[in-house]
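Q: Chains as they are written, first to last, in this note's numbering: chain F, 1 to 408; chain B, 1 to 408; chain G, 1 to 158; chain Z, 1 to 158.
Cut-off 20 Å, straight-line C-alpha distance, at most; resulting in silico cross-link-like pairs (PhoX-like, lysine-lysine):
| no. | chain 1 | residue 1 | chain 2 | residue 2 |
| --- | --- | --- | --- | --- |
| 1 | B | K267 | G | K131 |
| 2 | G | K145 | G | K89 |
| 3 | Z | K145 | Z | K25 |
| 4 | F | K303 | F | K5 |
| 5 | F | K267 | Z | K131 |
| 6 | G | K87 | G | K25 |
None of these hints come from the bench; they were simulated from the model.
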Amino acid sequence: MSPWKNIRADFPILHQQVHGKPLIYLDNAATAQKPRAVIDALVHFYERDNSNVHRGLHALSMRSTDAYETARARLARFINAAATEIIFTRGTTEGINLLAHSLGAKLRPGDVILTTEMEHHSNLVPWQQVARATGATIRYLPVVGADAEGGLDLTQLDQLLTPAVKIFTCTHISNTLGVINPVEELCRRARAVGAISVIDAAQSIGHGPLDVQAIGADFVVFSGHKMCGPTGIGVLYGRREQLESLDPDETGGGMVANVTYESARWKPAPERFEAGTPNIAGAIALGRACDYLDALDRAEIAKHDQSLTGFAYDQLAKIPGIRLLGPTGARSGMVSFAFSDVHAHDIVTFADEDGLALRGGHHCNQPLMRKLGLTGTTRASFYIYNTEAEIEVLVTSLRRILAFFGAG
Amino acid sequence: MSPWKNIRADFPILHQQVHGKPLIYLDNAATAQKPRAVIDALVHFYERDNSNVHRGLHALSMRSTDAYETARARLARFINAAATEIIFTRGTTEGINLLAHSLGAKLRPGDVILTTEMEHHSNLVPWQQVARATGATIRYLPVVGADAEGGLDLTQLDQLLTPAVKIFTCTHISNTLGVINPVEELCRRARAVGAISVIDAAQSIGHGPLDVQAIGADFVVFSGHKMCGPTGIGVLYGRREQLESLDPDETGGGMVANVTYESARWKPAPERFEAGTPNIAGAIALGRACDYLDALDRAEIAKHDQSLTGFAYDQLAKIPGIRLLGPTGARSGMVSFAFSDVHAHDIVTFADEDGLALRGGHHCNQPLMRKLGLTGTTRASFYIYNTEAEIEVLVTSLRRILAFFGAG
Amino acid sequence: MSGDLSELYQQVILDHNKRPRNRGKLPTANRIAHGDNPTCGDQCSVYLRLEPPATPHQPEQISAITFDGSGCAISQASASLMTTLAKGKTAAEFESMFKNFHEIVTTGQAPEEISDLAAFAGVHTFPARIKCATLGWHAALNALKSAATSTLSESLTR
Amino acid sequence: MSGDLSELYQQVILDHNKRPRNRGKLPTANRIAHGDNPTCGDQCSVYLRLEPPATPHQPEQISAITFDGSGCAISQASASLMTTLAKGKTAAEFESMFKNFHEIVTTGQAPEEISDLAAFAGVHTFPARIKCATLGWHAALNALKSAATSTLSESLTR
Ligand SMILES: Cc1ncc(COP(=O)(O)O)c(C=O)c1O
Ligand SMILES: Cc1ncc(COP(=O)(O)O)c(C=O)c1O
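Chain F on its own, in the form it takes in the complex (with noise of 0.2 Å):
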């Protein structure tokens, strides 16, 4: 039977009611839901296997070390990478601020980081600090049209992308716009530069195929809780030679290969850059999310999420007044949008009386909802386990609000 079939009853938390309606989670892009078998994970080390990692020879030690390493090859293969590329982290905003520190003591006063409008305050704010510590400077390659439906303005790579770029970091897929990015393209012409390439992968991991190999970057970055992953884990992938290369932002037990009372030297990669003890069972069962997705098929993933965008768009197009953001064609799993009578926060409160999860508001993208004149807006975003039908109720409710406020 196709493992598709039965979906939501892998997800425990989806069968509740809120407000005495059945729960529809449309939060996708904040965080995912977690299978049944995920949590399961998490129980069976805590109840069988738990103990601290690496450092031990006895027989929970070592059932947990090899349960930790084992999580790592499966990261690697879920990605392409080899097991000694992949660095378990927090989460995305970790994995950047441990490059923008560990990348960024390099600069000099005159190097550009290069990076998008559309970026997350996770792969932004990171790099403005950088800059302003080294006096490098930080460039945006900006988005296209009032409502960035034309996605990044390509056009002006030519004049952006100069040999002064030491660093080149974009969103795979931006968590407002919806927009997928070019960044096979994009990485390979950072590449062309010299210049070193940083890709948030936060909202592109649990929606389809991710080949590290494929799309030519030096560092992709995740979170696990946004593909059925537990909170408090995360990835870090770095090309083998750039990882040789880097020095370990966080030190301490674990990553040092010697330590006298004047110096240390460290491990290699990737116990370089895990300093204390890691998040082992947020790891192990991050593995297990890995599998649950590969069950799916990764492609089959992208499908369903892409159809059900592409459903929502087309359902909410349709309501008077309602400006939706990014472009209309091929784009992930969720759609942005606002009014100009009513406001995201009226909006999410109604439909949450409704049973519906929407997000409202200007989802870490501050400055690029300055620049399209927004202060917010209400998202909708869709995950594996999401129907056609939750988006009518979506769609009903919203016409309700709109009239209530005597908009629309």
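Model the placement of chains B, G and Z with the ligands on the given structure of chain F, informed by the hints.
A: Below, chains B, G and Z with the ligands alone, put in the same frame as chain F:
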């Protein structure tokens, strides 16, 4: 009924056999086991409330935000602090790195970081790195005695704790020696010369009452996994006045008040120090661990652990040729020992056959080991669920191992 | 629509949201403050003129007040209503009015007869919205506490 | 004692552990390397003398080798045994012997008749100990690959 009565029943992992023998888990200083209540808290969160925090207005998001902030308040109560003084981290190591980076940024050549010879690598290497980067000097308060049986040499404080000392840091309880350091006095003396005090409470947090006001430290760090909480979560406590003037180490979503393409402003503490999606489930389950430990009564925990350790010490001392580290008197829940003829790894491998989980090696204390003329020790560390009968198995097992190697 | 929701979105609130009073910049303002709700990005600026009353030896009063910014119905209506009630008040009077308002939005209980403010009692069942309801008030409090600036136009060109 | 454990701690291993052969520094060494196992802090230094054999036009051979350091019975015995077998070997011969040894400790299978090395077959059921068993070997491989130094005493005073 006393919650101690059936305490082993609360820990599912204890009810298993290893190599056909009942598991005797004596590796608690590396990580503690988890009671059912903590595991259940994780499951409950993922089955009912899972959502991202802080940024949502729908039911799930409000519930998870509420649970996360309630956990913060719970941790604050656990150590007698205010909720705004609690920053969730991945663990002790991350907390120390945050401080080393943020406090360290203010150091200048000539400034001194004073620490001790018995620090864990996690409270040593980050300060070495900061000293190297800023030109500050790192100095060590020595341990006394060939087996460090005298603990810290407080007679050297006058000479070492000069006004040049800007940061004083010290472990509350040594993870190798088991010695309990007089942190109240040390913090008072540090404050008297104007130094900021940082206490590594990784080994003390789970083993008795801990009151940050009584200790008088400016910062206290610890890990959840050593106090019955999950992996991947810990706490950095910072005195309010200290946090107010501290710069964040990591930046990104959730910790910014306002972001433009040019610059960003931070939120106040504790949010300022929590960039990105936190380990939400971990924090909530850690709050539940606080409940669990408080129900046992932390003064009772200290009594239990110390009496068990005293018993172990006395039994082990009878083994011919054993070298016991640290003080004979008041010590926390561990005993570290060495034999001249049998290496710790061989002991741990043999003991594992008897169901015993021990740790052998340098315990992330390489410089101390070297100073004591050791390459490693075997460590047995105890917690609330351990018994005297288990220690008797340990002693019998050790005698057999020594006989096998023709030692003892 | 559930009871809680209709409690939250009272007619008074909808009305102030649709037709905000005292909205815009105040050219004669001598106290200005800006408030934002970092959680959602809502912003509110308050412009007010604090001056001695006609009668001598009395504390300064708010002789004019406006607000500006963007936000949800709750924050807009609350700021709008706040401006209508602030006029003529001293700083101390305004603070005591805010205390009442804060009690209303956090407990749902109006401590005394306080007219329109009671319309915000429904907020207390939506704790996440308390920050919305108090955004404009906090900006006004900050404005009252801020150092006297010259008038708005001067302060903008500084 | 379980079967696995007595497989691991064979008599040969216990013997080499108790009475290590070729232990200490080698004053005439012209290749030196140091290995450590960061997981446990075990350390091993290997000192060897590589020199042309009596017969001309032949590759250099290990004419003398010693080890030094500290570690568990497995690592000490393995290093000791290694030194007894290395003498007279060329670098290529040593590498091929290491390949056999590595296969033994990871699979438990001895690829060919290899005498005492087979005593380490029990290691394969203790994967965490493989690093112990190979510590001295890795140091020796590194020594063979390292640049020729002058003799030990000179290299120590540099
Ligand atoms: C005294 C001490 N400090 C720091 C640490 C590091 O803690 P963690 O690995 O949880 O970051 C430990 C635990 O190993 C410890 O015992
Ligand atoms: C595009 C993008 N980048 C970065 C992040 C930050 O991820 P996290 O909060 O898990 O660190 C997010 C999620 O909020 C995101 O959508």
